[in-house]
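> Place chain L on chain C using the hints.
There are 2 protein chains.
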Amino acid sequence: MTKTFNLDQIKKAMKNIDVIKIIEEGFIAYSQGKVVVPPVGEMIFEEPPGETHIKYGFIKNDDYYVIKIASGFYGNYKLDLPSNYGLMLLFSQKTGFLSCILFDEGWLTAVRTAAAGAVAARYLAPKNIRRIGIFGAVEQGRLQLGYLKEIVDCRDVIAWGVNQEELDVYKKDMEVQGFNIQTTLEADDITLSCNFIVTATPSKKPLVRSELMLKGTHITAMGSDTPAKQELESDILQKADIVVADSLSQCKLRGEIFKALEAGAIKAEKPVELGNVIMNKELQRGSDDQITVADLTGVAVQDYQISKAVYEELGYYL
Amino acid sequence: MTKTFNLDQIKKAMKNIDVIKIIEEGFIAYSQGKVVVPPVGEMIFEEPPGETHIKYGFIKNDDYYVIKIASGFYGNYKLDLPSNYGLMLLFSQKTGFLSCILFDEGWLTAVRTAAAGAVAARYLAPKNIRRIGIFGAVEQGRLQLGYLKEIVDCRDVIAWGVNQEELDVYKKDMEVQGFNIQTTLEADDITLSCNFIVTATPSKKPLVRSELMLKGTHITAMGSDTPAKQELESDILQKADIVVADSLSQCKLRGEIFKALEAGAIKAEKPVELGNVIMNKELQRGSDDQITVADLTGVAVQDYQISKAVYEELGYYL
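Protein chains in written order, with our numbering: chain C, 4 to 321; chain L, 4 to 321.
Chain C with its partners taken away, still in its complex shape (with noise of 0.2 Å):
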């Protein structure tokens, strides 16, 4: 029979294990070649706007592969629906037959992408961060502070929404988890007050604008998983010292590494890959000077390594 599990028992599984291990050892196998990750399936639908992304993959001579179903649509709030919704489908790579079904309604996926930002700040985050700033405060925002506790020091965070509503929420909840959270409905107010910076939102113009940076400012970018998505100008990708994509084949079509290439802003070989930052020392950031990026699209290695450590971690349930 098939296994099905809901989001409860998913969360309950979660608990035991440590998913930012397991998304860095994703991205390095990635970037050692081990991993099968063909180009995202894409859906796009204009009346009510919405899009749906299938992202899938496995690691070679491992036990599954994973197809990561994962949709947006921003009518949803109208019928008091979340606008994510997802699931995650694991199969076995020895006879392709169905090994469980994670009905985890796009919260695996927000929990690896924000997994994937706390790699990033261990290889790429000044040492001595002024103040951390947000852009996008709801549930990616919340999940990044959640695993960036794990890896930087600093609790001092303002936040940039879209209402004050949002923040308002936002500031109490992260109070709760042991932040000093400021809020702003001014981009610029992030930009000139925080050299460490993350953009999670589905915006389609910059947020952050370059001549407004800090010295020393490291940004994960992972609001834009689209071709038309994107949050920040592409100049801060050329003055940025290290440019790191969490893909490279995959940043080359879609993200912030694809507008800056359209725009000419940088070169193809300008980007490394994340994998290859975590095991190369001289790739990472080397000084509180530097500027750096990291451009996040996501990819199905993150969901093969959250799918399969869910599936093993519940499998002790049984």
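Since the hints were made in silico from the structure, they are not lab data. Computed from a prediction, not measured in an experiment: that's the story for all the values here.
Listed next, the in silico DSS-like pairs over lysine-lysine satisfying Cα-Cα at most 25 Å (straight line):
id	chain 1	residue 1	chain 2	residue 2
1	C	14	C	152
2	C	81	L	97
3	L	97	C	232
4	L	207	C	97
5	C	175	C	14
6	L	97	L	37
7	L	81	C	97
8	C	6	L	15
9	C	232	L	63
Just chain L now, with coordinates in the frame of chain C:
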């Protein structure tokens, strides 16, 4: 709660569905440009040898979108498992949320494939069929005859297979359904005696030899659905009066038309699309002397039509 349905429920629902009709309507919508079908997603596994296809798409401004996963793992017989496996997921085009999962184990893919063969036969088969030739005496070869029964009168059949045991079982099963079945292990026996041929094998080298073909033969080639597979000598497509693709864009990348284009045997303008054939009498067979070929690689609109029909039919039982 997510609705999941098993094979028994699905088979029961299918009894009330006119599958040839809905598949024909799907091809019409597709050729009218009303359907979005992104490129097929594919994973290839080496040891044990296997492949997984992801087909997905939707009819614009309709209710759902479908994601269909189908695999073939050719070492499964050693584990007493069938080679083919699959499931279909239907989602709301309004919210992105899952509508249902059909755990059909690949059966709906087999059925919609066979129904496409019947649609092709309706518009391309010669009036007087001397004998029906079937390459591949397993599941698809059974279903093909089952649906052809609704379209053609001929009941004389010769089936080719890779071993006599398989052929004996096929003969027994299909004679119960009212056919007169001969069997052979020699491919040429089919080509030399049949003017209606269906190829439904995973062969990587041609089974039908051009020089042996009878005048006025129709061939429905449905086995080849990857760039590596081929059941017909490319010369057959050159000599054919009418070459039909289920999807022009897809057949340029996989299947017999891909092979013939690659070999320079036909020009890209030669193939016409099945939906257009259905709509235009001039594109259909005009006499019993013509040679016609339908290259069916399997299009997501078929998966859309069948999963939607099953879901809506099952809705009545809830």
